[in-house]
Amino acid sequence: MTLAELRGTRRRREEEGEAHAGGLHATTADYIRVAVALFIITSIEVAIYYIEGLRGVLVELFLALSGLKFLLVVMWYMHLRFDSRLFSFLFAFGLTLAVCLFVAALATMKAGLL
Amino acid sequence: MAQRAHVAEHLETSTGLDNRKLAMWLFLASEALFFGSLIATYLLYRGQSQEGPYPHDVFNIPFTSVSSFILLMSSTTMALAVGAAHRGRLHQMRTWLLCTALLGISFLAGQAFEFTEFVHKGLTLSSNLFGSSFYVLTGFHGAHVSVGVLILLSLWVMAARGRIGQHNALNVELAGLYWHFVDIVWILIFTLVYLLDPLAGGGA
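As you go down the protein sequences, you meet chains Y and C in turn. 1 is the number of the first residue of the first sequence in this note's numbering; add one for each residue after it. 1001 is the number of the first residue of the second sequence in this note's numbering; add one for each residue after it.
Rather than coming from a laboratory, the hints here were simulated on the basis of the structure. Model, not experiment: these values are computed from the prediction. For each residue, glycine too, the CB sits at the ideal point set by N, CA and C. Some hints could be false.
[What the hints assert, rightly or not] Some chain Y residues close to chain C (C-beta under 7 Å, calculated; not the full set): (1) Ala37; (2) Thr42; (3) Ala47; (4) Ile48; (5) Tyr49; (6) Ser66; (7) Phe82; (8) Phe89; (9) Leu95.
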């Protein structure tokens, strides 16, 4: 192992130690990896938008890709992956209510009441 | 002041969690319902406009993709600012906070440009159902980004004056939660409004 590699390993371990001490469980490298993933997913979304052959499955693809981006941000940047489950429950509760509201409004419109 | 904040972070609570963080998550849950209802309204009225302009007449996907990427990257710089605050690297924290605020301002500038273009193409708040639901949804999101930018700049000024440090890094973390929430709302808006709507022939 070279001196530069040794220094890199030591810095990484120090950063991980500081991250845990500060109540965090993600390192700077983790955040950068998530950023790269977000960039790639967004690029794929825009690229497939222009592919005529995928028109039939675009809705499913877009929903899956945006769901993946949503999860990456919520789990890593908002720390729900590491934080108390109560926070996840509260957030999921708000999202569930929002979906219920949409379904209820849709059903009301279909019934011609709106 | 700083000492009081430090003590507050170690208070015993009935949940064992910091009440400020719990309150922020409760607020975000209510915000999810708020934006959920706005997005639901947009989707329910999709394709029901009697006259144009329609989504495919006005949307500029490459431009909005760049705006979306700017907002996504601002989430990354925000996460780096929170990490630096927890590790006590205050200079880095200030730099990342400022980067996040500048990226947020760039996003807002892009939205202002986009709205201006749309108005020139004849889409106003009262043009049709698409215009009303689109401007209300994206306008409220823009207002949230503006509030986020003000919070970030306030934190940056406080940090420059030495009032934000490792002992009260939670303040930066709470601002981060708000900022990331605004980002995930845009992830949904970008997909459901910009990418899917023109495909569905929204209103055409």
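Going through the hints against the structure:
no. : hint  : in the structure
1   : Ala37 : violated (10 Å)
2   : Thr42 : holds (6 Å)
3   : Ala47 : violated (10 Å)
4   : Ile48 : violated (9 Å)
5   : Tyr49 : holds (6 Å)
6   : Ser66 : holds (4 Å)
7   : Phe82 : violated (12 Å)
8   : Phe89 : violated (9 Å)
9   : Leu95 : holds (5 Å)
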